[in-house]
Amino acid sequence: MSPSTAPKHNVTVLISGTGTNLSALIAACAPAAPLHSARIGRVVSSSKHAGGLLRAARAEPPIQTSVCSIAGWRAARATSRLVRKPSPAGLQREGDVEAQGQGRGGAEGAGRGIRGEADGVRLDADDRAGYDADLAKLVLADSPDLVVCAGWMRVLSPAFLEPVAAAGVAVINLHPALPGQFNGTHAIERAHKAWQAGEIDRTGVMVHYVVAEVDMGEPILVDEIPFVAGEDEDLERFEQKVHEREWKVIVEGTRMALERVGMK
1 MSPSTAPKHN VTVLISGTGT NLSALIAACA PAAPLHSARI GRVVSSSKHA GGLLRAARAE
61 PPIQTSVCSI AGWRAARATS RLVRKPSPAG LQREGDVEAQ GQGRGGAEGA GRGIRGEADG
121 VRLDADDRAG YDADLAKLVL ADSPDLVVCA GWMRVLSPAF LEPVAAAGVA VINLHPALPG
181 QFNGTHAIER AHKAWQAGEI DRTGVMVHYV VAEVDMGEPI LVDEIPFVAG EDEDLERFEQ
241 KVHEREWKVI VEGTRMALER VGMK
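With the UniProt record's numbering, letter number 110 in the sequence shown gets 110, and the count goes up by one each step, no holes.
None of these hints come from the bench; they were simulated from the model.
Please note that a few of the clues may not be correct.
Unchecked claim - Within a straight-line C-alpha distance of at most 30 Å, the following computed DSS-like cross-link-like pairs (lysine-lysine) qualify:
no., residue 1, residue 2
1, 193, 248
2, 137, 8
3, 241, 193
4, 8, 248
To be verified - DEER-style ranges, computed between Cβ atoms:
no., residue 1, residue 2, range
5, 140, 256, 21 to 29 Å
6, 137, 31, 26 to 34 Å
7, 30, 226, 28 to 36 Å
By construction, the Cβ of each residue, glycine as well, lies at the ideal position given by its N, Cα and C atoms.
Take the sequences, apply the hints, and build the full model.
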């Protein structure tokens, strides 16, 4: 690859589940595809069982992966205390993909829009800050131009967002709802229920910048999805309809965010 055709933007992708949105991003980085000027330098997963790790490993060329589970982070921290050495962060630099499996629930796991705790582990404020600070160090070590949350199921706190922002790196997220509607988990299910109750006639998918407030960052791209009577009554079929729209929106939203990076 000549310097003139080499990808210009380095992207880090955060995942927790099966990686269908990741697959859309990988395909879009091919020559002549919408993200041809970008490369996915690393995929970071909050679970070693995330199917997206296998998708990254099977990409051409293979994408580097890291696992940063809460359990792994806590174990590494405990070990570092015993030996009185600085914490290695508990974040594996190369992917642990020996136990690939489906993420929890849905196309991208239980958390539609990065909310919730993917592995059922709750953190107190100090642990959350420590975990997120180490996650930021891991991400920034690759000097990414952009971080994309593509089914990342942990809330990102200021301990992550502030050092990443200070490094001039934007963080974006895909969320299956319109701005200001159905923030947090189970957005598709909640929107579908509201439609059946006659409260709304459309929902949507958006890509937005990540801020500390859940799903409240500035929208980059919003794609409305009107409900269709006689077609969308079945929740499972409607969820698939939304997921298929997500695969397009995450690519276009990432492209738009990278355009803004190029303007700086």
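How the hints compare with the structure:
no., hint, in the structure
1, 193 / 248, "holds (24 Å)"
2, 137 / 8, "holds (22 Å)"
3, 241 / 193, "holds (16 Å)"
4, 8 / 248, "holds (22 Å)"
5, 140 / 256: 21 to 29 Å, "holds (23 Å)"
6, 137 / 31: 26 to 34 Å, "holds (33 Å)"
7, 30 / 226: 28 to 36 Å, "holds (32 Å)"
Checked against the numbered hints above, the structure violates none of them.
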